[in-house]
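Take any residue in the sequence shown, note its place counting from 1, add 174, and you have its number in my numbering.
Derived CB-CB ranges, DEER-like:
1) Q333 / F240: 51 to 61 Å
2) H351 / F203: 41 to 51 Å
3) L408 / P365: 40 to 50 Å
4) H351 / F418: 39 to 49 Å
5) L188 / H382: 50 to 60 Å
I should point out that these hints are in silico values taken from the structure, not numbers from a laboratory.
Glycine included, every Cβ here is placed at the ideal spot set by N, Cα and C.
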Amino acid sequence: MFSVSNGYLGFMNLLTLLFSIPILFLSWFLEARGKTDCDCYIRVTLLTIGIFLLAMSLIGFLGSWFRLALLLWLYLGVMVLLIIGVLVFTVLGLIVTHGGSDGHLMLQKGYDEYQIKQFSDWMQSYVLANEYWSTSKSCFVEFSLCDDLDKLISNLPAQDYMENFPAQWGCCKPPFHCGFEYHNATFWTVPKSGLSSTDEECITWSNHQDTLCYDCNSCKAGFLALLQRHFHLLTYYNFCLIFFLTINFTAACYTFRRNRSPEQYMKYRKEMVQKACDPHGTGL
175 MFSVSNGYLG
185 FMNLLTLLFS
195 IPILFLSWFL
205 EARGKTDCDC
215 YIRVTLLTIG
225 IFLLAMSLIG
235 FLGSWFRLAL
245 LLWLYLGVMV
255 LLIIGVLVFT
265 VLGLIVTHGG
275 SDGHLMLQKG
285 YDEYQIKQFS
295 DWMQSYVLAN
305 EYWSTSKSCF
315 VEFSLCDDLD
325 KLISNLPAQD
335 YMENFPAQWG
345 CCKPPFHCGF
355 EYHNATFWTV
365 PKSGLSSTDE
375 ECITWSNHQD
385 TLCYDCNSCK
395 AGFLALLQRH
405 FHLLTYYNFC
415 LIFFLTINFT
425 AACYTFRRNR
435 SPEQYMKYRK
445 EMVQKACDPH
455 GTGL
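Start from the sequences, fold in the hints, and give me the full structure.
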């Protein structure tokens, strides 16, 4: 069992090391492409994750392969902090993203747009802060959020469109209650009879592709709905990650304990005595 636990831990950390290489390469690629406000967060996040995985995999691999107690101690300590950190992050994330509804439920309630008020106060105050929202809008433009929308939503019922593409639903078209006349997915005009409403949401709409409805509350609410959905998907990943980390932590504990067991200590002591008595290895 001793060799199995060492082998498993070494193998898993070798896989982690190999996995960190493309992450670091992608971070370097984004850096070489040119710095923008939009990809800065992605680039820094990838670099941090890549360096952390590389360092952890090296510590775990060397500690298990060479049976170095100090490295295994360090590996175990970081693993405990990581498991606790991921668990706390997941629980807090579920708390701050609690509430909200998908597109299907919103339409059932009689709403034709997502509502900011349906999301938590934290999401409203942090995600919709002026600086953060300005960066988000630049991302919409840079990654062409609304391009080819006609192909994307062709023959798609409003319910499915709203539920599956909340950001596009809120950002790429004017609110329905305004009464704009449809030409294509991102081009709407004022009908001859005039708009049905002249509230701030309707006035904010522009056919300019860099503006559209990016400053509308419906866009902000749709973006919050998208973030909420992504975080809920991330929650499943986090629980799988916690399970994987727990297995690795258990293997590392077992490896460390076996490396420090009396049998290993006696073997080590015997080898030291032999070297002291026969430093040249003559066998005499």
